[in-house]
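Peer 1: Chains G and E supply the protein sequences, listed in that same order.
If you read the first sequence in our numbering, its first letter stands for residue 1, the second for the next number, and so on.
If you read the second sequence in our numbering, its first letter stands for residue 292, the second for the next number, and so on.
Hints in this document: simulated from the structure, not taken from any laboratory.
Keep in mind that a hint or two might mislead.
Quick look at which bits of chain G chain E covers, simulated, 3 or more residues with Cβ under 8 Å [as the list claims (entries may be wrong)]: (1) 96-105; (2) 138-149; (3) 233-243.
To give an idea of the interface, some chain E residues facing chain G are shown, with a C-beta separation under 8 Å as derived from the structure [to be verified]: (4) Asp401; (5) Val402; (6) Gln406; (7) Ser458.
Since the structure is predicted, the reported quantities are computational estimates derived from the model, not experimental observations.
For every residue, glycine included, the Cβ atom is placed at its ideal position computed from N, Cα and C.
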Amino acid sequence: MTTANPAEAQSAAVRGRARRQREEELLVWPDLVFIEFISAVVFTILLVGLSVTVDAILLDRANPAVTPNPSKAPWYFLNLQEMLLHMHPALAGVIVPTVALIALGAIPYWDTDNDGQGEWLSGPRHWLNVYVGAAVGSLGTLLLIFFDNGTHANLWQAATGTKFPVSWLVNMREFQKNFPLWQDGAPLAFLKDIQLGGLLRADLLGGPKIDFALNIPAVLVEQIIPVMAMVGLPILLSAVAHKRGIAQTKRDHMILQFSGFIAVYVTLTVVGTYFRGQGLALGPYTIFAHH
Amino acid sequence: MAATERPTRRSMGDRLYDAIFSNRVWRSIFRSGYPNTPRNQMLAVATNVFLHLHPTRIHRTHVKITHTFCLGGLSFFLFLGLTISGVLLMFYYVPSVERAYEDILRLDTDVRFGQLMRNMHRWMAHGMVLTVLMHMMRVFYTGAYKPPREFNWVIGVVLLVLTLLLSFTGYLLPWDQLALWAITVGTNMVGSAPLLGEPNRFVLVGGFQVGQNALIRFYTLHVIGLPLMAAVFMTVHFWRIRRDGGLAKPL
Ligand code: HEM
Chain G
1 MTTANPAEAQ SAAVRGRARR QREEELLVWP DLVFIEFISA VVFTILLVGL SVTVDAILLD
61 RANPAVTPNP SKAPWYFLNL QEMLLHMHPA LAGVIVPTVA LIALGAIPYW DTDNDGQGEW
121 LSGPRHWLNV YVGAAVGSLG TLLLIFFDNG THANLWQAAT GTKFPVSWLV NMREFQKNFP
181 LWQDGAPLAF LKDIQLGGLL RADLLGGPKI DFALNIPAVL VEQIIPVMAM VGLPILLSAV
241 AHKRGIAQTK RDHMILQFSG FIAVYVTLTV VGTYFRGQGL ALGPYTIFAH H
Chain E
292 MAATERPTRR SMGDRLYDAI FSNRVWRSIF RSGYPNTPRN QMLAVATNVF LHLHPTRIHR
352 THVKITHTFC LGGLSFFLFL GLTISGVLLM FYYVPSVERA YEDILRLDTD VRFGQLMRNM
412 HRWMAHGMVL TVLMHMMRVF YTGAYKPPRE FNWVIGVVLL VLTLLLSFTG YLLPWDQLAL
472 WAITVGTNMV GSAPLLGEPN RFVLVGGFQV GQNALIRFYT LHVIGLPLMA AVFMTVHFWR
532 IRRDGGLAKP L
């Protein structure tokens, strides 16, 4: 046969591809089943070893009348408890985790191009984005925590022996209280206590009378600034990384943001677990030292 | 040894082999001979309901430990171990404010291997939170969430939430100071949500503070509600891995 039948040539190509795929494959028994078996054995031994040597903790009987200091949630929620110290409880305890989970679930609907799947960080800038995201996420979180803790003001005092010169920049509480525009006696001081009870006349509709006071600096410090930081800083990071050529493709940006998120999550968890002591003040802490 | 290459003279070993793997009892249970030929190896996987979670063949790179670090499998392994040790703990534990703490104490002091069981359950629970989180990172960094696996990633996020809830509900059961106050702090966070927060907290705790109602609710969720949901979602998760053509591989 001199003239190749195109249909036949094509099916030969398909067969060739199928054969090559077969050659890339292994049988699940024994290759995978044995690995699974061995790791099950190894981890059973490790877990028994751990359980024989380290006992699970058990404190005194539960007593609603005695609040331990500090009281902490389980470790995997201490990231949220740490955020609670810096923003409105609804934001830290519910809204941020909900939005974070939805964003996590939405990742594949965002990054839909299936290039580079099935391989560990195969792109040229992928690892770079892991490092940048992790570094910015962890250091940024630490800096924000230190700032809100007034660590810079304490260091200043220790170094110079004088009080930090800008009182409203000591931490966010001070900013809320003493920012020149609305500190006591300033013309805008009324912003801290705006009575809205008279506006919402729910009593006219047969509802309960609502006494509602609005504290604008508090809203700013507990809600608006944290939201701006949590939304704005990641956007800023991506923008800078884009400008610098660090993150160019969508997947680059995904890796940058995901690594940043994981770093923030880990940093908050570690600080909440090991560096929040009595009264949740910043300082080394371990539950085992107290019991 | 391939099936077609039977030596002409059967050795002792061969006869023993046939006695064990070719008799009616073995065949009635396993349907195929000992998996020492490719055909029997594939049959072993395809005809066994548990092994059938796997395909019969997989891509070469997927058995490399460094591809998955076994993290999804380990999460599942820990889930099974938690179920077994959890059932054993249930023999000794009564979810009542009067008894719970004493039951745990007795488990640690009077019950043979009781402390070991409790320790295993506790460390596996912590371990599972870690392995699930790391599994999620592995899936992300290998780009395995990309089409057609988008929805399995979403199922995964649900499994992550269920894992955290399983751990959280279990945290209350020892009824010690750690348990009571951790759950108080945690449920107060729920209560801070706008509008629906306080009603939700009330339903979860069964009252204004963590007491008997909260204990029985957390217990029921912990030993039956959440494990069932997790089992259902895991079933879907594993089914989808097969349907989506096994683990993600380079195009
Ligand atoms: C209880 C929790 C979970 C269990 C028991 C579980 C189990 C597994 C197992 C056994 C695999 C096979 C490959 C491997 O071991 O890596 C797998 C793959 C996968 N898992 Fe999970 N998983 C869980 C949670 C999650 C989470 C939290 C996510 C993501 C948010 C996720 C997303 C995926 C995806 C997309 C695959 C396919 C990976 C690929 O194609 O390479 N899973 N899971």
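Peer 1: Look at each hint and say if it fits the structure.
Peer 2: Hints and how they fare:
1. Taking a C-beta to C-beta cut-off of 8 Å, the stretch 96-105 of chain G contributes 3 residues in contact with chain E, enough for the three needed, and the coverage statement holds.
2. Coverage of the stretch 138-149 of chain G by chain E is violated in this model, with 0 residues showing a Cβ closer than 8 Å to a Cβ of that chain against a need of three.
3. Coverage of the stretch 233-243 of chain G by chain E is violated [criterion: at least 3 residues with CB-CB distance below 8 Å; count 0].
4. For aspartate 401 of chain E, the interface hint is violated, since its Cβ never comes within 8 Å of a Cβ in chain G; the closest pair sits about 14 Å apart.
5. With a least beta-carbon distance of about 14 Å to chain G, the hint placing valine 402 of chain E at the interface is violated under the 8 Å criterion.
6. For glutamine 406 of chain E, the interface hint holds, since its Cβ comes within 8 Å of a Cβ in chain G; the closest pair sits about 6 Å apart.
7. Among the interface hints, the one on serine 458 of chain E holds; its C-beta lies about 7 Å from the nearest C-beta in chain G, closer than the 8 Å criterion.
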